[in-house]
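Q: As you go down the protein sequences, you meet chains S and Y in turn. Going by our numbering, the residue at position 127 of the first sequence is 127; the numbering climbs one at a time, nothing skipped. Going by our numbering, the residue at position 105 of the second sequence is 105; the numbering climbs one at a time, nothing skipped.
Keep in mind that the hints are not guaranteed to be accurate.
Within a straight-line C-alpha distance of at most 25 Å, the following computed DSS-like cross-link-like pairs (lysine-lysine) qualify [claimed, not checked]: (1) S:Lys211 to S:Lys149; (2) S:Lys145 to S:Lys98; (3) S:Lys32 to S:Lys112; (4) Y:Lys111 to S:Lys112; (5) Y:Lys12 to S:Lys112; (6) Y:Lys111 to S:Lys12; (7) S:Lys190 to S:Lys211; (8) Y:Lys145 to S:Lys149; (9) Y:Lys145 to Y:Lys211; (10) S:Lys111 to Y:Lys112; (11) S:Lys145 to Y:Lys149; (12) S:Lys12 to Y:Lys112; (13) S:Lys12 to Y:Lys98; (14) Y:Lys111 to S:Lys111; (15) S:Lys145 to Y:Lys32; (16) Y:Lys12 to S:Lys111; (17) Y:Lys112 to Y:Lys31.
Since the hints were made in silico from the structure, they are not lab data.
2 protein chains.
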Amino acid sequence: MNYADYIPVWNKLDENQRNTIISSSVRRTFKKGAFLHHGSSECTGLMLILSGQIRAYTTSSDGREITLYRLFDRDICLFSASCIMNSIQFDITLAAEKDSEVVVIPSETYKKIMNVSAPLANFTNEVMASRFSDVMWLVDQVMWKSFDKRLAEFLLNEAAIEGSDTLHTTHEIIGNHLGNPREVVTRMLKYFADEGMVRLSRGVIEITDEKALEELANA
Amino acid sequence: MNYADYIPVWNKLDENQRNTIISSSVRRTFKKGAFLHHGSSECTGLMLILSGQIRAYTTSSDGREITLYRLFDRDICLFSASCIMNSIQFDITLAAEKDSEVVVIPSETYKKIMNVSAPLANFTNEVMASRFSDVMWLVDQVMWKSFDKRLAEFLLNEAAIEGSDTLHTTHEIIGNHLGNPREVVTRMLKYFADEGMVRLSRGVIEITDEKALEELANA
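If we strip away everything but chain S, and leave its shape as in the complex, we get (with noise of 0.2 Å):
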């Protein structure tokens, strides 16, 4: 792996400084479904994405779930490293959604090097602000989009993910990403199969109407 693939600054460090993240990474691999972060309390380090797909997102407190934002490869996950800020006062989980490998940076070296090393910590703004952009599009969706046109477009989005409009997934785990009950879900997919934009069977959603999902995320 090329670490300026990730982190484009990597040439504006230094060769110790590049030495030191070079030596003090691993590489893990995550099954799917395995946890990379949960909550605040683990600060396991900064995770650049070689492979795999990581899903970041956050729960209430009777368990619900919504998706905040997806990882892909050469995506570098911050959030997993959230104690080299001190003002990150929220809680995120990240989960593989498919067997994943990553290369993962020790907090404390890239904190040490951050706090030295002005084009670091001003690309891990770029990085933070990327996020806080994905999360304000999330607040845009659930406080003004109906579900409708939010479960749309998320089946659409997935279809684009997988390259095929056939989705192996559950009405539970569609709910988890939007953060709705499995009922509303069911209640909505039902409403959707009426119209012939998708056909459902167990574990399967098949999109049969691409054009009229498009139109309603649209509308």
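On the provided structure of chain S, position chain Y as indicated by the hints.
A: Quick look at chain Y alone, frame taken from chain S:
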């Protein structure tokens, strides 16, 4: 004013950097209701709040509003200088809720120094992480908390800010804070009044049973 009160890393900037900031900064006053910043098109600069009260909020395409956070004296407005980071892909509006006095550091000045100063870049990181935490709190609220609890908490919080149990505000303004239509606020306030928790008159909400509101908010 003392810059070190706002920027704790002030003494880690060199004399030249400090003088550049001081000489380029301008003091501005905003009357209650005035906009300090309106979406991403403007990039006025970083604002240090000397006095007053600033509301940061986001708006739906059809004009509905929800408050993201508030800023008081000694706080810093980062998003009025959102152009200092490329990855900020969202619009925040900042408006004065009370007559406010601020010192504006031009975005270009700040960015130039942040790019070379690790302390200033790391400080900026902390400010952003703090606002990020505010927005994550909001996500938690709107996703998982029922409206009665949010309204009770809002009224208690307003009373704490004003130092008074008598709030001079309208149902519409409260709706704009919480992201709900005025009618929904009116209905819930009437329920609070029936329960003896508040007394309502034109343009005034008086908290009459703080304990009951607290119990509701924390239920």
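Q: Hint by hint, note whether the structure agrees.
A: Here is what the structure says about each hint:
1. At most 25 Å may separate the alpha-carbon atoms for a hinted pair to count; Lys211 (chain S) and Lys149 (chain S) meet this at roughly 13 Å.
2. Restraint check for Lys145 (chain S) and Lys98 (chain S): not satisfied, since their Cα atoms lie roughly 29 Å apart, outside the 25 Å limit.
3. Restraint check: the Cα-Cα separation between Lys32 (chain S) and Lys112 (chain S) comes to about 32 Å, which exceeds 25 Å; the hinted pair is violated.
4. The hinted pair formed by Lys111 (chain Y) and Lys112 (chain S) meets the criterion: a straight-line CA distance of about 22 Å does not exceed 25 Å.
5. With a C-alpha separation of about 16 Å, the suggested pairing of Lys12 (chain Y) with Lys112 (chain S) holds against the 25 Å cut-off.
6. Distance restraint check for Lys111 (chain Y) and Lys12 (chain S): the Cα-Cα separation of roughly 18 Å lies within the 25 Å cut-off, and the hinted pair is therefore satisfied.
7. Our distance criterion of 25 Å between C-alpha atoms is met by Lys190 (chain S) and Lys211 (chain S), whose separation comes to about 18 Å.
8. Of the pairs offered as hints, the one joining Lys145 (chain Y) and Lys149 (chain S) holds, with about 22 Å between alpha carbons and a cut-off of 25 Å not exceeded.
9. A distance of roughly 19 Å separates the Cα atoms of Lys145 (chain Y) and Lys211 (chain Y); the hinted pair therefore holds under the 25 Å criterion.
10. As the CA atoms of Lys111 (chain S) and Lys112 (chain Y) are separated by approximately 22 Å, the hinted pair is consistent with the 25 Å bound.
11. Using a Cα cut-off of 25 Å, the hinted pair Lys145 (chain S) and Lys149 (chain Y) holds, with the two alpha carbons roughly 22 Å apart.
12. For the proposed pair Lys12 (chain S) and Lys112 (chain Y), the alpha carbon gap of about 16 Å is at most 25 Å, so the pair holds.
13. A threshold of 25 Å between alpha carbons decides the hint, and for Lys12 (chain S) with Lys98 (chain Y) the separation of about 45 Å lies outside it, so the pair is violated.
14. For the suggested pair Lys111 (chain Y) and Lys111 (chain S), the alpha carbons sit about 21 Å apart, so the restraint of at most 25 Å is met.
15. Straight-line distance between C-alpha atoms of Lys145 (chain S) and Lys32 (chain Y) comes to about 31 Å, which puts the hinted pair past the 25 Å bound.
16. For the given pair, Lys12 (chain Y) sits about 18 Å from Lys111 (chain S) by alpha-carbon distance, which is consistent with the 25 Å threshold.
17. The hinted pair formed by Lys112 (chain Y) and Lys31 (chain Y) fails the criterion: a straight-line CA distance of about 30 Å is larger than 25 Å.
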